[in-house]
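*Asks:* Chains P and C, in that order, give the protein sequences. Each residue of the first sequence is one higher than the last, beginning at 92 in my numbering. Each residue of the second sequence is one higher than the last, beginning at 117 in my numbering.
If you're looking for bench data, these hints aren't it; they were derived computationally from the structure. Please note that the accuracy of each hint is not assured.
[Claimed, not checked] If you want the footprint, here are the derived chain C segments under chain P, 3+ residues with CB under 8 Å:
hint: 1; stretch: 160–166
hint: 2; stretch: 275–281
[What the hints assert, rightly or not] Here are the simulated PhoX-like cross-link-like pairs (lysine-lysine), alpha carbons at most 25 Å apart as the crow flies:
hint: 3; chain 1: C; residue 1: 288; chain 2: C; residue 2: 241
hint: 4; chain 1: C; residue 1: 241; chain 2: C; residue 2: 214
hint: 5; chain 1: P; residue 1: 301; chain 2: P; residue 2: 158
hint: 6; chain 1: C; residue 1: 288; chain 2: P; residue 2: 158
hint: 7; chain 1: P; residue 1: 243; chain 2: C; residue 2: 214
hint: 8; chain 1: C; residue 1: 295; chain 2: C; residue 2: 209
Positions of the beta carbon are idealized from the N, C-alpha and C atoms, including for glycine.
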Amino acid sequence: MKACNKMAPHTKRVSVGSALLACTLLLLGWADELEDIREKGEFVNSVQAAFTQERYLEMLDEPLISKGLLYLEVPGSLRWEYTGPVRSVLLMENETIRQYVQADSGMVEQKSRGLEGMRIFLQDACMWMKGEFESNPDLVAEMASDGRILLKPARDNAMAQMIRYIELRLTNTPGVVESVAIYEEEDSYMIIRFHDTKINQDIADEIFQKLNPDPLQQ
Amino acid sequence: MVVVCLLALWGCRSLAPIEPVAPDVHEEIDRRCRAHFLHQPWVMVQSITAYPPDGQVHNAIGVTRIHPAQRRIQCVITSVEGIVLFDGEYDQKTRIRKGVGPFADETFANTLFDDIRLVFFPPDKPAVEAGRTSSGAPVCRYERSDGFVEVLFPEDGQREIKRYSARKKLRKTINACYKARCSRHITEAPEEIPAKLIIYNHGLLEYRLELELIQAKTPAP
Numbered sequence: 092m093k094a095c096n097k098m099a100p101h102t103k104r105v106s107v108g109s110a111l112l113a114c115t116l117l118l119l120g121w122a123d124e125l126e127d128i129r130e131k132g133e134f135v136n137s138v139q140a141a142f143t144q145e146r147y148l149e150m151l152d153e154p155l156i157s158k159g160l161l162y163l164e165v166p167g168s169l170r171w172e173y174t175g176p177v178r179s180v181l182l183m184e185n186e187t188i189r190q191y192v193q194a195d196s197g198m199v200e201q202k203s204r205g206l207e208g209m210r211i212f213l214q215d216a217c218m219w220m221k222g223e224f225e226s227n228p229d230l231v232a233e234m235a236s237d238g239r240i241l242l243k244p245a246r247d248n249a250m251a252q253m254i255r256y257i258e259l260r261l262t263n264t265p266g267v268v269e270s271v272a273i274y275e276e277e278d279s280y281m282i283i284r285f286h287d288t289k290i291n292q293d294i295a296d297e298i299f300q301k302l303n304p305d306p307l308q309q
Numbered sequence: 117m118v119v120v121c122l123l124a125l126w127g128c129r130s131l132a133p134i135e136p137v138a139p140d141v142h143e144e145i146d147r148r149c150r151a152h153f154l155h156q157p158w159v160m161v162q163s164i165t166a167y168p169p170d171g172q173v174h175n176a177i178g179v180t181r182i183h184p185a186q187r188r189i190q191c192v193i194t195s196v197e198g199i200v201l202f203d204g205e206y207d208q209k210t211r212i213r214k215g216v217g218p219f220a221d222e223t224f225a226n227t228l229f230d231d232i233r234l235v236f237f238p239p240d241k242p243a244v245e246a247g248r249t250s251s252g253a254p255v256c257r258y259e260r261s262d263g264f265v266e267v268l269f270p271e272d273g274q275r276e277i278k279r280y281s282a283r284k285k286l287r288k289t290i291n292a293c294y295k296a297r298c299s300r301h302i303t304e305a306p307e308e309i310p311a312k313l314i315i316y317n318h319g320l321l322e323y324r325l326e327l328e329l330i331q332a333k334t335p336a337p
């Protein structure tokens, strides 16, 4: 049990970092003021998008590119999938979270008990969709004058050991985020650029339930 | 019968005798062993799949810069999602710049850099023996302060590295495949860089790591 507890915070933070960003897409897409978020977020029920992730490291001349798909539906359904170079699928529906990772035998479900911690954390994060920032003491949100949203870890919390801040750039289209940047150090950061974003379109339930839904909506 | 089986198993995991070869063949094998270590700097990106003893599977991505001349290594391990889990370097000694959870452990970092050195850096001293295994594979044996290292060539395009303790017990086996098809991420690989590495840790903590090449480049000067 002690060993599980030791692993849980790490597992939780890593996967939740991405899932958190997915949750923020709904609420931050079209607000002029941070206070508007709660009010305007009521009109967005679902988001689906493809994304390209650029991982910048001091060692690399060019960023390492990963690609993936995002599906998000209010109140608490999420599919956050990396399609390459290493496939990884995070599924969340209501209070159930499953993560599939690539093994030599194919995709396998990760049985880590850390997922329980992740479930609690994601429930917190999805409260943001309602503009309830105070529900999560780990991140402090503020809006820059140019419209960027900055999310900074509260001082000395666990997340502050991993990231300096998250920056969201918004498009002019309500509900559509252009990019999310996560800064760890000056020369170590990543930018996730979203494209082919669709708002308020029906998403089949199995997208949030199955590793390989048929057909996977694009 | 059980005792015989156990003894046989134990024998497989201990340093086996090397069959001597003619002096010219000895030289050729020694040269081949050394040729497979890196001679110029490389930056490589690999997917990492870890199979720890608890039956779990963990994925990560590793970025490694190797300077053979200075025997210096820099390594960053990220989650598949891109979050940095480990950032450290080896330059005569291990330095952890950033480590999350178990990746902050110095033993982890030392083991990581020792594995990288085993695969890519030539041993400090010349081979104490070179010849063939009982199955006929060319093999070189090196002595180091904490035991022995063997470099074998079980078949074309494959290299195997075995590390033994000072008491001659097998502690680590690394299989390196230099054929591009060994990695699911690439269609061609540089000659010097293994497309896939499989690392087996033996002993009390048995685990397996599989590293598949995503890209490899010589860094800009």
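*Asks:* Quick one: which hint numbers does this structure break? Sort them smallest to largest.
*Replies:* 2, 4, 6, 8
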